[in-house]
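Asks: Sequence:
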Amino acid sequence: MLTTNDEQKVIKRERERGRETDREREREREERERERERERERERERERTREREYRREREERDGYGRISIDRDEIETEESRDRETEKKKSRS
1 MLTTNDEQKV IKRERERGRE TDRERERERE ERERERERER ERERERERTR EREYRREREE
61 RDGYGRISID RDEIETEESR DRETEKKKSR S
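Numbering (the UniProt record's numbering), first residue to last: 1 to 91.
FYI, nobody ran anything at the bench for these hints, they're computed from the structure. Any given hint could turn out to be false.
As the list claims (entries may be wrong) - Below are the DMTMM-like pairs computed for lysine to aspartate or glutamate, each with C-alpha atoms no more than 25 Å apart in a straight line:
no.	residue 1	residue 2
1	9	24
2	12	31
3	9	30
4	88	77
5	9	20
6	88	78
7	87	77
8	12	26
9	12	22
Unchecked claim - What follows is a list of derived Cβ distance ranges for each label pair:
no.	residue 1	residue 2	range
10	76	53	35 to 43 Å
11	60	39	47 to 55 Å
12	30	50	28 to 36 Å
13	8	41	26 to 34 Å
14	78	51	34 to 42 Å
15	9	38	30 to 38 Å
16	61	28	42 to 50 Å
17	87	54	43 to 51 Å
18	54	77	32 to 40 Å
19	52	89	30 to 38 Å
A virtual CB, placed ideally from N, CA and C, is assigned to each residue, including glycine.
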């Protein structure tokens, strides 16, 4: 079927509009994907913040920052106690 020159121009314009619509849809899809990625990054940052807060609270609860006696100090203290008891028993 032969079309007139005007009909060909109309068909060409419709195809071009279709391409523009496709490009718009693609841009919108890309923007939604970027937004989803930004949201995922925000969620990862919130998770890291929660982890840091949890660790800080746990350290405070478990004695971080308080005077604590480590294993060597306990062993040294126990040795001194034994020595003291030996001296007392010799006396």
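Asks: Hint by hint, note whether the structure agrees.
Replies: Verification of the hints:
no. : hint                   : in the structure
1   : 9 with 24              : 22 Å, holds
2   : 12 with 31             : 28 Å, violated
3   : 9 with 30              : 31 Å, violated
4   : 88 with 77             : 16 Å, holds
5   : 9 with 20              : 16 Å, holds
6   : 88 with 78             : 15 Å, holds
7   : 87 with 77             : 15 Å, holds
8   : 12 with 26             : 21 Å, holds
9   : 12 with 22             : 15 Å, holds
10  : 76 with 53: 35 to 43 Å : 36 Å, holds
11  : 60 with 39: 47 to 55 Å : 32 Å, violated
12  : 30 with 50: 28 to 36 Å : 30 Å, holds
13  : 8 with 41: 26 to 34 Å  : 49 Å, violated
14  : 78 with 51: 34 to 42 Å : 38 Å, holds
15  : 9 with 38: 30 to 38 Å  : 43 Å, violated
16  : 61 with 28: 42 to 50 Å : 49 Å, holds
17  : 87 with 54: 43 to 51 Å : 49 Å, holds
18  : 54 with 77: 32 to 40 Å : 33 Å, holds
19  : 52 with 89: 30 to 38 Å : 53 Å, violated
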